[in-house]
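A.B. asks: Chain by chain, the residues:
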Amino acid sequence: MADRAEFWVFLAFAVPLIVAALGVVVARNPVNAAMSLVAAFFFLAGIYVLLVAHLVAFLQILVYAGAIMVVFLFVIMLLQLHDQDLQDSRLKAMQWGGILGAAGLVAVIAQAIRSAGVLHWKAVPESFGTVKAVGQLLFTQYLLPFEATSLLLLVAIVGAVVVAKQRI
Amino acid sequence: MASANHYLALAAILFGIGLAGVVSRRNILVVFMCVELMLNAANLTFLAFARQQGTMHGHAIAFFVIAVAAAEAAVGLAIVIAVFRTRGTLWMDEVSTLKN
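Protein chains in written order, with our numbering: chain U, 1 to 168; chain W, 1 to 100.
Source of the hints: derived by calculation from the structure; they are not laboratory data.
Since the model is a prediction, treat every value here as computed from it, not as a measurement.
Cβ coordinates follow ideal geometry from the N, Cα and C atoms, glycine included.
Any given hint might turn out to be false.
Subject to a maximum C-alpha distance of 25 Å in a straight line, what follows is the list of computed SDA-like cross-link-like pairs (lysine to any residue) [unchecked claim]: (1) U/K132 - W/G54; (2) U/K92 - W/F49; (3) W/K99 - U/K132; (4) U/K132 - U/L144; (5) U/K92 - U/A102; (6) U/K92 - W/V31; (7) U/K165 - W/E72; (8) U/K122 - W/A69; (9) U/K165 - U/Q80; (10) U/K132 - U/E147; (11) U/K165 - W/G88; (12) U/K122 - W/A9; (13) U/K165 - W/A69; (14) W/K99 - U/Q136; (15) U/K165 - W/A70; (16) U/K92 - W/W91; (17) U/K165 - W/V83; (18) U/K122 - W/Q52; (19) U/K122 - U/Q136; (20) U/K132 - W/I66; (21) U/K165 - W/V31; (22) U/K122 - W/A42; (23) U/K92 - W/V22; (24) U/K165 - U/G101; (25) U/K165 - W/F84; (26) U/K165 - W/Q52; (27) W/K99 - W/F84; (28) U/K165 - W/A74; (29) U/K132 - W/V35; (30) W/K99 - U/G98; (31) U/K132 - W/I61; (32) U/K92 - U/K165.
So these bits of chain W aren't anywhere near chain U, every CB distance computed over 10 Å [as the list claims (entries may be wrong)]: (33) R51; (34) V95; (35) S96; (36) T97; (37) L98; (38) N100.
The shape of chain W in the complex, shown without the other chains (with noise of 0.2 Å):
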């Protein structure tokens, strides 16, 4: 059977793939669907604990993740939009006003 072990293997997989492509990955839009895969990695452990606590306060956490995740693609692609408005370019290293 299928232990809680493995969920949480599963988890950390995923949550090191989503961090490989926010280090790697220079275009904003794809570092953004790292960061979600890196919250859904996150929900995906809280999950696994309430199933393996026996308790659904894991199920609440994960709800409101999810919130905060579209609350997040909202504010982020808007940023997203007004970046490429001004700049044309959506390479992360060309924007780099504030390192300067």
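Chain U on its own, in the form it takes in the complex (with noise of 0.2 Å):
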């Protein structure tokens, strides 16, 4: 019974989840993919709750659905996009071409993944996926990384600086 309600709330996240995704390709508007994907992000989020996730599931919507879009959406309104500018034209048959692609890499993978047979749960402690837990791993097995990862960001704000500011 617990198995079944869990398959339900799993099918409440996805198919929301995909059509948000759909939203973002198809909206003729930046500021409503932005949008879509905003709401894409939430539903995400609820997926990685499903899969005992807490903590990446706090920083999706902390960081994706909180910090990346904000950025997007303050880009779109800096940039004062115009009617004309949203105009998308025709798709051309390159583009179709790149749509058929996707779709024959996503018939790959579903192959793949059925021929993978039925994946099991393996039963996992009370503390899985809680802050403590990633943390201490973050902080010992992964502390290079980690501390990479600042480097990175820092690398990543100069960067920003210098590529957008007009003069310095």
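Two chains, two separate frames, one set of hints: put the complex together.
C.D. replies: Right under this line is the structure:
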């Protein structure tokens, strides 16, 4: 009974997630696309909670739906797009080919997943995915990549300022 | 019960939608958003396998992917602003200096 309920919760997050992701691709206006993307990030956070990844779900909402999307919207507003900028030209044959290629890729991955057989869950401890457990992993085994991440973010900040600023 | 296969299939669909957007849309901002979708699909795969294997290494990788995505968004949007300022357009087809 609980298993069945979990499947319905999965569907309740997965279906709106796919709809929102499609909304990002088909939206004519970038603002609408950004709003669809925020919705997709929220539903994805729900999926992460189902996967017992509470810290990552929290980060997803905080960093993605919060910080990154605010930057996106800020840039969209800053650029002052006009209506003629938003007119999407009709798709060329090459673009249709690209869409077909993407569909083919999904088909190949789906076949690979099907041929892998049913992957059963392993039992996980009570602390799985909590801030304490993931933090312990990050600050012991992944300490060097963690520090490298801080350097990466610093480089990104400096790079963004250098590229976007007219005169330094 | 939703098995790991369901989550992997969802990630594949999400990745496919993002890829279709990247190759079919010509607005730089929308292409960027589709790249974010693809990064999220990769994250979902990491987390599904982490839960399936019962280890938390996937969570650490997902953390790094989120950090890289933040850096990518910052630099990418700076480039978008620079391109819009010099060319007054967001169409990728009109930005082809390196191609010619």
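A.B. asks: For every hint, state whether the structure bears it out.
C.D. replies: Consistency of the hints with the structure:
About 16 Å separates the Cα atoms of U/K132 and W/G54, which keeps this hinted pair within 25 Å; it holds. At most 25 Å may separate the alpha-carbon atoms for a hinted pair to count; U/K92 and W/F49 exceed this at roughly 38 Å. Proximity of W/K99 to U/K132 is assessed by CA-CA distance (about 49 Å); at most 25 Å being required, the pair is judged violated. Under the criterion of a C-alpha separation no larger than 25 Å, the hint pairing U/K132 with U/L144 is consistent with the structure, at around 19 Å.
For the proposed pair U/K92 and U/A102, the alpha carbon gap of about 16 Å is at most 25 Å, so the pair holds. Restraint check for U/K92 and W/V31: satisfied, since their Cα atoms lie roughly 16 Å apart, inside the 25 Å limit. Of the pairs offered as hints, the one joining U/K165 and W/E72 holds, with about 17 Å between alpha carbons and a cut-off of 25 Å not exceeded. At roughly 30 Å between alpha-carbon atoms, U/K122 and W/A69 are farther apart than 25 Å, so this suggested pair is violated.
With a C-alpha separation of about 18 Å, the suggested pair U/K165 and U/Q80 falls inside the 25 Å cut-off, and the hint holds. A distance of roughly 18 Å separates the Cα atoms of U/K132 and U/E147; the hinted pair therefore holds under the 25 Å criterion. Of the pairs offered as hints, the one joining U/K165 and W/G88 holds, with about 16 Å between alpha carbons and a cut-off of 25 Å not exceeded. Straight-line distance between C-alpha atoms of U/K122 and W/A9 comes to about 19 Å, which keeps the hinted pair within the 25 Å bound.
For the proposed pair U/K165 and W/A69, the alpha carbon gap of about 21 Å is at most 25 Å, so the pair holds. Our distance criterion of 25 Å between C-alpha atoms is broken by W/K99 and U/Q136, whose separation comes to about 47 Å. Between the alpha carbons of U/K165 and W/A70 the distance comes to roughly 19 Å, so the proposed pair stays at or under 25 Å and holds. Simply put, U/K92 and W/W91 have alpha-carbon atoms about 14 Å apart, close enough for the 25 Å limit, and the pair holds.
With a CA separation close to 12 Å, the supplied pair U/K165 and W/V83 stays within the 25 Å bound. As the CA atoms of U/K122 and W/Q52 are separated by approximately 6 Å, the hinted pair is consistent with the 25 Å bound. About 21 Å separates the Cα atoms of U/K122 and U/Q136, which keeps this hinted pair within 25 Å; it holds. Between U/K132 and W/I66 the alpha-carbon distance is near 19 Å, which keeps this suggested pair within the 25 Å criterion.
Between the alpha carbons of U/K165 and W/V31 the distance comes to roughly 23 Å, so the proposed pair stays at or under 25 Å and holds. Restraint check for U/K122 and W/A42: satisfied, since their Cα atoms lie roughly 21 Å apart, inside the 25 Å limit. Restraint check: the Cα-Cα separation between U/K92 and W/V22 comes to about 14 Å, which is no more than 25 Å; the hinted pair holds. Annotation: proposed proximity of U/K165 to U/G101 is violated, straight-line Cα distance about 38 Å (limit 25 Å).
Pair hint U/K165 plus W/F84 holds up; C-alpha atoms about 13 Å apart against a cutoff of 25 Å. Between the alpha carbons of U/K165 and W/Q52 the distance comes to roughly 46 Å, so the proposed pair goes past 25 Å and is violated. Among the hinted pairs, W/K99 with W/F84 is consistent with the structure: their alpha-carbon atoms are about 18 Å apart, no more than 25 Å. Distance hint between U/K165 and W/A74 is fulfilled; the C-alpha atoms sit about 13 Å from each other, no more than 25 Å.
The hinted pair formed by U/K132 and W/V35 fails the criterion: a straight-line CA distance of about 31 Å is larger than 25 Å. Only pairs whose Cα atoms come within 25 Å are accepted, and W/K99 paired with U/G98 is accepted, the gap being roughly 19 Å. With a CA separation close to 16 Å, the supplied pair U/K132 and W/I61 stays within the 25 Å bound. For the proposed pair U/K92 and U/K165, the alpha carbon gap of about 35 Å is over 25 Å, so the pair is violated.
Not every CB of chain U is more than 10 Å from the CB of W/R51 (nearest about 5 Å), against its label as outside the interface. W/V95, annotated as away from the interface, keeps every beta carbon of chain U farther than 10 Å; the closest lies near 14 Å. Every Cβ of chain U is farther than 10 Å from the Cβ of W/S96; the closest lies at roughly 14 Å, confirming the non-interface assignment. In this structure W/T97 is separated from chain U by more than 10 Å, as the shortest Cβ-Cβ distance comes to about 15 Å.
Taking the minimum C-beta to C-beta distance to chain U, about 16 Å, the non-interface status of W/L98 holds against the 10 Å cut. In this structure W/N100 is separated from chain U by more than 10 Å, as the shortest Cβ-Cβ distance comes to about 18 Å.
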